[in-house]
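A.B. asks: Protein chains in written order, with this note's numbering: chain A, 13 to 110; chain B, 34 to 77; chain C, 197 to 445.
Derived from the structure by calculation, the hints contain no laboratory data.
Beta carbons: idealized from backbone N, C-alpha and C, even for Gly.
Do not take every clue at face value.
[Claimed, not checked] Anything over 10 Å on all C-beta distances counts as not near chain C; from chain A, calculated:
(1) 24
(2) 51
(3) 58
(4) 66
[As the list claims (entries may be wrong)] Label pairs and their in silico Cβ distance ranges:
(5) C:202 - A:77: 32 to 40 Å
(6) C:369 - A:18: 42 to 50 Å
(7) A:17 - C:315: 58 to 66 Å
Read off the chains here:
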Amino acid sequence: MELRVVDRTDNELRIEIAGENHTFMNVLKGSLLRTDGVAAATYDVNPEQSGGQTEPILSINTEAGVRPLDALEEAARGVSDQMGSLGAEIEAAFAAEP
Amino acid sequence: MTYKCSRCKRDVQLDEYGGVRCPYCGHRVLLKERAPDVKEVDVV
Amino acid sequence: MTDQFDVSFVTREERSARLLIRGLTPATANGVRRAMIADVPTFSIDTVRFVENSSVMFDEMVGLRLGLVPLTTPLEDYEVGDTVTLALQKTGPGVAYSGDLETADDRVQPADDDIPIIELKEGQRLEFEADAVLDTGKEHAKHQGGVAVGYRHLQRVRVVGDRQEFDDPEPQIVRGVIETEDGDVVHTDEFDNDLRNRYPGKEVAVEDVPGAFVFHVESDGSLSVEELFVRAVDSLRDRADELAEAVAI
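Generate coordinates for the entire structure from the input sequences, incorporating the hints supplied.
C.D. replies: So this is what it looks like as structure tokens:
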């Protein structure tokens, strides 16, 4: 996973997350949209039209006073926590079933 | 080049002068054998 | 985020399972599904060195068939890119089966022993050495551990009244898993997918249960269903961790 900031202001961030696809980006976007202070979030796995660029670009708009990078970190930690507890629940379910 | 005569089934060595003909039985149909070396194939 | 997950089984077989998970967003459900298909690595034959092949098939054709043989994968001891060597020697007449493959590591062996590779006639012989490599379904479909992975919404069925005596006797087909008013979770196969069989003479309403997904996962035998699930979830978590770390700097 290689990160490259494309565009950045106080409340806006466009960042390229190389090596990822819908599998992770959509989960991350879902998590961002449920993060406090995030006004808008989307990603684009640029099709060929944009000059052969195919790595996904994540766009985040935040409300005043919230840094987009902080929101991104919080959302990523949210995904991690969520996946941690989901994994534990699945393991428990399999352990309970002979 | 190793070939096999299709009639007498013997191994035949061909050179550039002898023409295509089995030196043992004179048959003119020779079969090319698979090379004996190991062939590596990538599974795609 | 205060997500409470609830995981329970609907059906469970050796190589497949139906798992009801509550508390998922559609995005996560799809992420887990995609990760199970494309991001959980399994072993698969990738290079074959033919010593002898006098069978009726070309080396490449035999190689392709070998690549599709599922191999059991001990993920705890191998990393993506690692290889294990397998070999086969067989002289006709007879069929060369996947079970005839000999392996350098007993834990990496064909998941099924009865997959025919090729039928050898009298005098034909197949002898080769092959390298199986650990990789993901993203790289090549032969590395997919899950062969039929999908999900449906859990559907809630409510009785809203009695069916009129002369009402149109149209079938009411539902597929997947339903939740009854008593809280029972029933697969629609049990009543032939027609709600009229389950609720004779009743008028029923069907709606999706938000956040409840029924996953149907079938493994090709290289990994257990549990391993497939857990590894898929872990791969998503690892990526989230990596991103959080990278952003924090």
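A.B. asks: Does each hint hold? Answer for all of them.
C.D. replies: Hints versus structure:
1. Distance check for residue 24 of chain A against chain C: the nearest CB is about 15 Å away, which clears 10 Å, and the non-interface claim stands.
2. Every Cβ of chain C is farther than 10 Å from the Cβ of residue 51 of chain A; the closest lies at roughly 18 Å, confirming the non-interface assignment.
3. Non-interface status of residue 58 of chain A relative to chain C is upheld: no Cβ of that chain comes within 10 Å, the nearest being about 19 Å off.
4. The Cβ of residue 66 of chain A sits about 14 Å from the closest Cβ of chain C, beyond the 10 Å cut-off, so the non-interface label holds.
5. Judged by the Cβ atoms, the range 32 to 40 Å given for residue 202 of chain C and residue 77 of chain A holds: they are separated by roughly 36 Å.
6. The hint said 42 to 50 Å for the Cβ distance between residue 369 of chain C and residue 18 of chain A, and at roughly 49 Å that hint holds.
7. Between residue 17 of chain A and residue 315 of chain C the CB atoms are about 60 Å apart, so this pair conforms to the stated range of 58 to 66 Å.
In summary, the structure agrees with every hint in the numbered list given earlier.
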